[in-house]
Structure formats: structure tokens, C-alpha cells
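*Asks:* One-letter residues, chain by chain:
There are 4 protein chains.
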Amino acid sequence: MTYILRIQAPDEKALIYKITSLLQNFNITKNNEFVDFEQGLFFFRAQFTGENSIDGLREQLLEVLPPNSEVSIEPKHSPKLILLCTKENHCLGDILLRRESNELDVQILAVIGNHDTLRPLVERFGIPFFTITHEGCTREEHEQKLLDCIAHIGQTELLVLAKYMRILSPDFVAHFRHRILNIHHSLLPAFVGANPYKQAYNRGAKIIGATAHFVTDVLDDGPIIAQDIIKIDHNYTIKDMQQAGHDIEKIVLARALKLVCEQRVFVYQNKTIIF
Amino acid sequence: MTYILRIQAPDEKALIYKITSLLQNFNITKNNEFVDFEQGLFFFRAQFTGENSIDGLREQLLEVLPPNSEVSIEPKHSPKLILLCTKENHCLGDILLRRESNELDVQILAVIGNHDTLRPLVERFGIPFFTITHEGCTREEHEQKLLDCIAHIGQTELLVLAKYMRILSPDFVAHFRHRILNIHHSLLPAFVGANPYKQAYNRGAKIIGATAHFVTDVLDDGPIIAQDIIKIDHNYTIKDMQQAGHDIEKIVLARALKLVCEQRVFVYQNKTIIF
Amino acid sequence: MTYILRIQAPDEKALIYKITSLLQNFNITKNNEFVDFEQGLFFFRAQFTGENSIDGLREQLLEVLPPNSEVSIEPKHSPKLILLCTKENHCLGDILLRRESNELDVQILAVIGNHDTLRPLVERFGIPFFTITHEGCTREEHEQKLLDCIAHIGQTELLVLAKYMRILSPDFVAHFRHRILNIHHSLLPAFVGANPYKQAYNRGAKIIGATAHFVTDVLDDGPIIAQDIIKIDHNYTIKDMQQAGHDIEKIVLARALKLVCEQRVFVYQNKTIIF
Amino acid sequence: MTYILRIQAPDEKALIYKITSLLQNFNITKNNEFVDFEQGLFFFRAQFTGENSIDGLREQLLEVLPPNSEVSIEPKHSPKLILLCTKENHCLGDILLRRESNELDVQILAVIGNHDTLRPLVERFGIPFFTITHEGCTREEHEQKLLDCIAHIGQTELLVLAKYMRILSPDFVAHFRHRILNIHHSLLPAFVGANPYKQAYNRGAKIIGATAHFVTDVLDDGPIIAQDIIKIDHNYTIKDMQQAGHDIEKIVLARALKLVCEQRVFVYQNKTIIF
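Protein chains in written order, with my numbering: chain A, 1 to 275; chain B, 1 to 275; chain C, 1 to 275; chain D, 1 to 275.
These are computed hints drawn from the structure, not numbers from a lab.
Hints should not be assumed to be uniformly reliable.
[To be verified] Partial list, derived from the structure: chain D residues whose beta carbon lies under 7 Å from chain A:
{"id": "1", "residue": "Tyr17"}
{"id": "2", "residue": "Ser21"}
{"id": "3", "residue": "Lys239"}
These numbers were taken from a predicted model, which means no experiment stands behind them.
We treat Cβ as the ideally placed atom computed from N, Cα and C, and that holds for glycine.
Please model the entire structure based on the sequences and the hints provided.
*Replies:* Listed below in C-alpha cells is the structure:
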């Protein structure tokens with residue numbers, strides 16, 4: 001059995017000693033720690049294996065750790081997720097292919113689109129597709145339908161916005177705190193909002209980027225998980241940028257998704273620590 | 001003799017034919033063109049050699065080109081420039097070294113600092129250093145002293161801000177339209193203004209960058225010439241970012257300076273075309 | 001109607017003038033040239049539109065160009081291709097998705113696998129899949145079966161080896177000179193041959209790469225079309241490298257394929273010029 | 001006082017617990033570990049501060065660690081080094097500038113050149129320069145003169161070949177095992193030996209690189225510390241590659257030097273682990 005232990009604690013001396021003293025009966029195969037000295041915060045992640053029971057381990061850890069520490073221990077598993085999409089196939093298709101080849105160890109429960117465009121692609125991979133159009137209803141109504149659909153699909157750990165071109169309200173986001181992943185087609189915080197490639201074109205940027213982040217209340221402002229760029233020049237039209245950008249969008253989203261699924265991402269102060 | 005021909009013209013059919021028909025007696029060793037179809041603008045740069053006189057060539061070109069075309073023909077030469085600096089040596093020192101090894105074919109007339117810190121470095125390279133402190137005087141007074149000093153030094157083609165940590169007023173900039181080069185330590189338009197690394201740290205950026213641009217009236221808003229990035233992670237303190245950033249700052253500034261000196265950069269609509 | 005003109009010629013003065021003089025009745029929307037001064041060779045590609053007939057244009061061009069020039073003029077079109085694969089889905093799937101979204105303007109006639117593994121994926125996209133196993137036959141016999149299958153499928157312009165894990169003999173390659181595209185999972189010429197990631201692991205490389213190239217008689221030695229890299233560190237196992245490498249393999253292959261399909265690639269002296 | 005603890009040990013359970021149990025009286029500000037499961041090797045580096053004495057700590061650690069463990073504890077300090085150069089100023093000058101701005105915390109004892117070219121540059125920075133020409137003497141004689149000069153300069157921890165264009169014999173290298181740093185202007189193992197840019201040009205590479213590595217008996221085969229690349233295209237002549245390459249050569253060498261000086265680099269099996 002493989003477990004993942006995650007700790008966030010106020011920093012103090014000898015934390016690693018105290019933690020590892022309680023893990024002596026297990027085999028730690030990977031561990032990472034980070035201290036933010038400015039904030040006095042300690043972060044720790046360990047992957048460990050062993051036949052012994054982990055019953056009581058969390059409580060033992062909380063006992064030796066400073067007050068206000070957070071500890072989680074979970075068996076390594078394949079997370080359940082729901083993908084949201086609109087019309088573009090590159091991010092969605094890429095995740096479907098990675099799932100199929102086991103490169104990405106996740107369970108895709110369903111895909112929800114606000115258009116029907118990608119239904120054939122998704123159904124070909126044997127995954128249920130739900131169309132929830134935003135037409136003819138208010139944002140509140142649309143988001144309620146989304147929530148109903150998600151509830152109907154069943155317990156999900158993550159929502160992945162695979163080029164879902166709608167802005168989600170704070171009310172909706174509140175249901176899935178740090179559990180909605182988005183890909184934005186710029187190197188945030190540059191070019192927030194609509195049409196980032198057009199913005200980059202107008203600004204004469206020589207580099208364009210993509211950013212995978214958790215969704216928060218503020219548009220394109222959530223904790224950044226992964227970013228990448230490509231170099232461009234004056235020959236690129238907005239359409240060229242879009243096409244070239246697809247390549248980093250899908251790679252960056254997949255990279256971030258993998259990190260989140262492997263429980264490597266800690267969020268604090270609107271930033272991420274990635275082990 | 002090597003000449004550089006630069007043309008900006010309203011686009012129309014057969015421009016290249018018309019231009020090259022007038023260059024038949026020369027040997028074109030390199031030529032580049034670009035059409036911005038949206039704006040209907042044609043840009044052309046050719047490097048050519050030959051023993052024939054270029055007398056009248058500019059007029060002949062203007063005759064066959066559409067109205068409102070701009071044409072310049074100059075012998076290839078080593079441009080004269082003045083560097084401005086504050087306290088950090090990495091961009092300035094890098095340019096001095098490139099000058100010394102002939103990697104950068106320029107004449108450095110002088111260096112002006114608002115602090116005296118880098119005087120020893122500069123004088124070691126046999127280049128005059130002028131200290132023009134901003135202390136005890138208004139911005140206007142300080143900039144007037146700068147202008148006087150520049151006039152005293154003599155005819156310069158370019159001002160290069162090699163980590164010059166003062167903002168120049170529109171009045172000052174107006175004296176050197178598209179002739180002041182700056183390096184900003186972020187991937188513009190992200191993190192405009194003061195302390196971009198601190199801004200990047202606070203935003204939890206996974207990539208930081210540097211941007212070389214022409215200085216205009218609006219802070220950090222001028223036409224971008226060159227950009228580059230480095231990837232960072234949560235382990236980077238602001239100080240680590242600064243140190244790592246130095247490496248791209250100096251490379252990007254030097255790259256942009258070389259492009260400008262070789263007359264490869266066209267500016268239009270607050271953007272650059274680089275041949 | 002859009003045409004693509006490609007010229008390779010011994011270099012001499014005024015070639016562009018001569019070429020563009022014959023294109024005055026067309027609208028050149030893009031043109032590129034390159035001179036290899038060492039070899040005295042001139043390369044030219046233009047994309048032009050127009051209602052006039054191109055009858056005789058090639059002959060006219062050959063008349064004004066130096067002896068031994070090569071000229072081709074073709075209407076822009078969507079090339080026909082056959083993909084070859086083995087078991088890995090990332091390159092193949094990526095091309096299928098790009099085809100489906102029209103990002104890649106090609107006609108995929110069929111996919112041939114030496115294993116049956118990827119048949120379901122391919123057939124889901126409505127594309128014929130042929131399994132031609134290499135088991136129980138000599139290399140010659142296997143390649144003859146491949147040739148028969150390709151002939152049966154019909155006229156193809158390109159073969160794309162999308163992680164096809166068999167080495168093709170010079171005899172086979174001779175049928176498709178500069179028409180077989182391969183992706184090799186290293187930054188050639190580093191790590192030629194089998195198991196490049198294992199080689200990179202053993203050598204302690206800090207960067208791994210992928211190379212798309214035309215296949216020639218010599219293994220992994222053909223003209224390079226596109227390359228890209230990712231940075232790694234000591235934490236990467238060979239398996240980690242393989243997974244991370246997939247991302248650049250598929251991007252680099254797709255990029256090269258697009259360039260070839262748009263007729264932007266010239267081959268000479270085992271190198272490429274890319275316009 | 002800040003100390004750096006480095007451990008290489010056969011892997012077994014609970015090593016971190018055992019190590020940190022002995023460090024409870026110190027404040028660990030940074031620690032890293034890595035296990036090579038294939039080889040069964042454990043690597044550990046910690047930076048710690050404290051007022052307590054470290055007397056006996058090494059012995060205590062060796063007692064709890066498995067047999068054949070290697071432990072070193074050293075106060076953090078500014079290492080002494082000698083630079084070797086030939087005629088190119090970019091790597092050497094870059095290190096001199098970084099030293100001057102305290103970006104690189106080292107003591108440069110002297111620079112030795114096999115040509116006199118860079119003497120003025122070095123002496124301007126107040127650093128002794130020794131010319132040891134290789135002309136008129138055998139390799140053995142030349143290397144003996146080098147060794148004599150190095151002995152004369154005094155105790156050095158590192159030799160840094162800052163574009164020193166001579167190959168050092170195994171006999172010479174044996175005096176400085178894993179203490180000679182070299183920068184090679186290719187992405188090793190591609191383009192070993194002389195003229196890597198010419199090799200890259202002839203091969204039609206689309207990417208060129210630089211590699212900083214420890215020097216061993218076999219040419220360009222030592223453990224790689226850092227690598228970086230730049231993208232090129234058919235427009236690059238060999239001279240263009242050389243110039244562009246300078247930018248990554250100096251950055252990569254400086255990065256590797258900093259890592260080594262901060263004792264972050266472990267060498268084993270001709271590879272490096274970098275913490």
C-alpha cells in the first residue's frame with residue numbers, strides 16, 4: 001500500500017525529526033519539505049509504503065506538531081474528475097488520450113459542454129457527455145443546471161476546465177474551493193480576461209504563454225500551478241498565435257492536472273508549492 | 001561598401017519587383033520584407049554591397065513607391081551611444097565586455113550614472129564616466145543636467161538604459177524618439193513599474209522574464225524589441241529571482257541593442273518588426 | 001486560387017528582380033528567400049494568388065534563371081498521407097485530433113501498425129487501420145507487405161512515422177525520398193538509435209529533446225526539420241523521461257508535419273531550410 | 001555560524017530520522033535528499049545554523065549511518081579558485097563581473113592564460129594574471145608549468161576553464177579530481193571535441209547548446225552540471241552560432257560554478273545530483 005502524507009504547520013525546530021520518528025515503521029520513498037521563512041510556515045509531503053496500519057498515525061502526528069497544523073494521509077489513488085469544455089478539442093482530446101494510455105491516472109466520470117460540438121469526440125472514448133447550454137437562461141440558472149448535472153454524475157474530486165469559455169461566478173466556485181483547474185491562454189498576470197492573444201498581438205509581445213491555475217472568485221487570479229511559453233515574432237497573426245498557443249495550453253493543463261492528481265500541490269496565500 | 005536600405009510603404013502589388021529593379025547594379029546580400037495586411041503596410045530591409053554610387057537612389061525609389069513611403073539608405077556603420085546606469089553592474093558590464101571583444105560593433109561615447117558606484121568599472125575600460133546625481137534637485141533640473149551632459153559628450157545616436165533606475169519624463173523622452181532603449185525586469189505587460197520581482201513573488205509566478213523596449217511617454221509601455229524568460233518555483237525568494245533575473249536582463253538588453261545597431265528594427269503602432 | 005512557388009537555383013545577382021518581374025500579375029502574399037553563400041545556392045518560396053493562368057510560368061522562370069535551377073509551382077492543397085505506428089498513442093492521437101479540428105490541413109488515408117494496439121483509437125476517428133505484423137517474416141518480406149499495403153491504399157504524398165518503432169531499410173526508404181517523416185526521442189545527433197532516454201539517463205543529461213527529421217539511408221541521420229527540449233534533473237527516472245518526452249515528441253512531430261505540408265521545407269546537403 | 005552537511009550512504013529505512021535526531025540542537029534552514037533506488041544510494045544535504053559546537057557530530061553521524069557512508073560538515077565559506085583562459089573574454093569577464101558585484105561569492109586567486117590576450121582585462125580587476133604559453137614545449141612540459149604556477153599561487157579549491165582551449169591530460173586531471181570545471185559549447189554528448197558549432201552547422205541542427213561539466217580523463221565526458229540551449233535556424237552561419245552561443249556558455253558556466261561553490265553538487269557514476 002502506498003500513502004501520501006501532507007502537512008502544513010507553523011515552522012519550528014526539529015519538525016522533520018518529529019515527523020520521521022513516527023514513520024519509522026514505513027518505507028518513505030519520496031519526501032519533500034519547504035519552509036516559507038517570511039511566513040513561518042512549514043510544508044511537507046511524503047510518499048510512503050508499508051504493511052502496517054496507519055490507524056492513529058494522523059493523531060500521533062498532530063500531537064507532536066505545533067498547534068494549527070494540518071495533516072492529511074490518504075492512500076494513493078486515481079482521482080475522479082469531470083471535464084468542462086466548449087468547442088475546442090485540443091485540451092480535452094489531449095486529456096482523453098493521456099487517460100487512455102494510462103499516462104494520466106484518473107477516472108473521467110463525464111464531460112460537460114455548453115455546446116454540443118465535442119460530443120462525438122468524447123463519446124468515441126466511451127465517456128458520457130452532457131450538454132448544458134447557457135442559451136436562454138441567466139447565469140444563475142445555467143450554473144444551477146451545471147451543479148445539478150455534476151451532482152447527478154456523482155462524487156467528483158476535481159473539475160477541469162478544458163478551454164471552457166464561460167466565467168464561473170463566486171457562488172459556483174465556492175462549491176469547489178481549490179478543486180477547479182483552469183487553463184488561461186496567457187502568461188498570467190499578463191493579458192487577463194477575454195482574447196489574450198489579441199491583447200498580445202496589439203501589445204507587440206515577443207513571447208506568449210499559458211497558465212494553469214485554480215479558479216477563485218477573481219477572474220484569472222487564482223493560484224498558479226504551471227506556466228509555459230513560446231516565442232513569437234511579427235509574422236504571427238492572431239490566428240497563428242492561437243494555433244501555436246494550443247500546443248502549450250494542452251501541455252500546461254495536463255502537467256498541472258497530473259501534479260494536482262498526485263497531490264503534489266499545496267495552496268497558501270494565493271500561491272502554490274509544488275513538490 | 002555595404003549599405004542598409006529600409007523602406008516603409010503602403011502595400012501594393014509588385015513592390016519588390018519595383019525596388020529590386022533599381023538595385024540591379026548592386027549585390028543584395030540579405031533582404032527581408034513583411035506585409036501587415038490588416039494595416040496595408042509594407043516593410044522592407046535590404047543589405048547590399050557595390051562600387052556604384054547610391055546618389056539619387058533614394059529619390060528613384062520614392063518615385064516608384066506609393067505616396068507616403070519612407071526610405072532610408074545608410075552606409076553600414078558603428079553607432080555612437082551613451083549608456084545610463086545606477087548601481088548594478090550586470091547589464092553595463094556585459095555591454096562593456098561585448099564592446100571590447102567586438103561582438104557588439106558600437107562606439108560607447110560615455111556612461112552617465114546617477115550614482116558614482118560604477119565609475120571604477122567604466123573607467124577601467126577607458127570610457128568617460130559622468131555622475132549626475134538626482135539628489136537635491138527637481139526632476140526637471142536633473143533631466144536638464146542630463147541633457148546638458150549628453151550635449152557636452154557630443155552627437156549620440158542611442159541612449160541605452162542599462163538598469164538606470166529612474167523614470168524619464170515625456171519631455172526628456174521627446175528628445176530621443178525611438179532612440180532610448182530600456183531593459184525592464186519582467187515579461188511586459190506583466191509587472192509594470194517598481195519591484196517586478198516582488199510583484200512576481202507575490203503573484204506566485206512560475207516564470208519570470210525580461211523585456212527590452214524603446215522608451216515612450218508611458219511607463220514600460222514602449223515597443224517591445226526582445227524578451228526572454230526563466231522558469232522558477234516556490235523555492236525562489238525575491239533575492240533569488242533578482243539574481244537569476246540578471247542573467248536574462250543582460251542577455252535580452254544586449255540582443256536588443258545589437259538588433260537596433262544593425263538597423264534591423266522597425267517601429268510602428270507601438271510594435272516592432274525585426275528583420 | 002493560391003499557388004506555392006519554390007525555386008532552388010545557383011545564386012547570382014538580381015534573381016529576385018527576375019522572378020518578381022514574372023509575377024507582376026499576381027498578388028504575392030508571402031515570400032522568403034535564403035542564400036547559402038558558401039555553396040552559392042539561392043532558395044526562394046512565394047505564396048501568391050490571382051485569377052490569371054499559371055500556364056507557362058514555370059518555363060518562363062526557368063528561362064530567366066541560371067542553368068540547373070529547379071522550379072515548382074503547385075496549387076495550395078491538402079496533402080495525402082499515411083501514418084505508421086506501433087503501440088504508443090501520443091503522436092498518432094495528437095495528429096488525429098489536429099486533423100479533426102482542421103488545425104492540420106491534411107488527408108489521412110490510413111494508418112498502418114505493426115501491432116494491432118492502436119486500431120480502436122484510429123477506427124474511432126473513422127480512418128482505416130491496417131495491421132502488418134513483422135512477426136514471422138524477414139525484414140524484406142515485412143517491408144514488401146508494407147509497400148503492397150501502401151500501394152493498395154492509394155497515392156500518398158507522405159509517410160509519417162508516429163513512433164513507429166521499426167527501422168526501415170535503405171531499399172524501402174528509396175521509394176519515398178524526403179517523403180518519410182520520423183520523430184526521434186532525442187536531440188539528434190545525441191543519443192542515436194535505441195533507447196535514447198536510457199542513454200540520456202546514463203549520461204546524466206540535464207536536458208532531453210526530440211527531433212523530427214526526414215528518413216534517409218543512415219539511421220537517425222536525415223535532415224532535421226524541428227527540434228525541441230525539456231529540462232530534467234536527477235529526480236527523473238527513465239520512465240519519467242519517457243512521459244515528459246512524449247510532450248515534446250508530439251509537438252515537434254506535428255510542427256514538422258505542418259511545415260512539410262505547407263511546402264515550407266527545402267532539403268539540401270542533408271540540411272533543411274524552413275521558410 | 002552556517003554549516004553545510006553532505007552525506008552519501010547506502011539507502012536504508014529511517015535515515016532521515018537518524019540524521020535529524022542528531023541535528024535537533026541546530027536550526028536546519030534547508031535540506032534536500034535523493035534516493036537512487038536502482039543503486040540503493042541515499043544522498044543528503046542540509047544547511048544548518050547554530051551556536052553549538054559541531055565537534056564530534058561527524059563521528060556521531062557515521063555511527064548511526066550504514067557502513068561505507070560518507071559524511072562531510074563544513075562551515076559555509078567563499079571558495080578559492082583559479083581561472084584558466086585562452087583568448088575569448090565572455091566567460092572570464094562574466095565571472096569577474098559577478099565576483100565584483102558579490103553575486104558570486106568566491107575568491108579568485110589568479111587567472112592563467114596560455115595566451116596573453118586577456119591580461120589587460122584581468123589586471124584591470126586587480127587580479128594577478130599569469131601567461132603560460134604552450135608554444136615551444138611538449139604537453140607534459142606545459143602541464144608541469146601549469147602545475148608549478150598553480151602551486152605557486154597557493155591553495156586552490158577549484159580550477160575553472162573559462163573557455164580554455166587546450167585539452168588536459170589524465171595525469172593533470174588526476175591532481176584535481178572533480179575540481180576542474182569546464183564549459184563545452186555544445187549540448188553534450190552531441191558534438192564532442194573540436195569545433196562543435198561547425199559540427200552543428202554541418203548537421204543542420206535547429207538547436208545548439210552549452211554544457212558545464214567536471215573534467216575527467218575522457219574528453220567532454222565528465223559529469224554534467226548544467227546545460228542550456230538556444231534555437232537557431234538556417235540563417236545562422238557558424239560565426240552567428242558562435243556569437244549566439246557565447247550567451248549560453250557564460251550563463252551555464254556561471255550557474256554551474258555557483259552550484260559547485262555552494263556545495264550543492266554530488267557526483268556519482270559520472271552523473272551529478274544537484275540540490
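*Asks:* A separate judgement is required for each hint: does it hold in the structure or not?
*Replies:* Okay, the hints, checked on the actual structure:
1. Tyr17: holds (4 Å)
2. Ser21: Constraint on serine 21 of chain D satisfied, holds at 6 Å.
3. Lys239: With a closest approach of 22 Å, the lysine 239 of chain D hint is violated.
Hint 3 alone, counting from the list given before, is not met by this structure.
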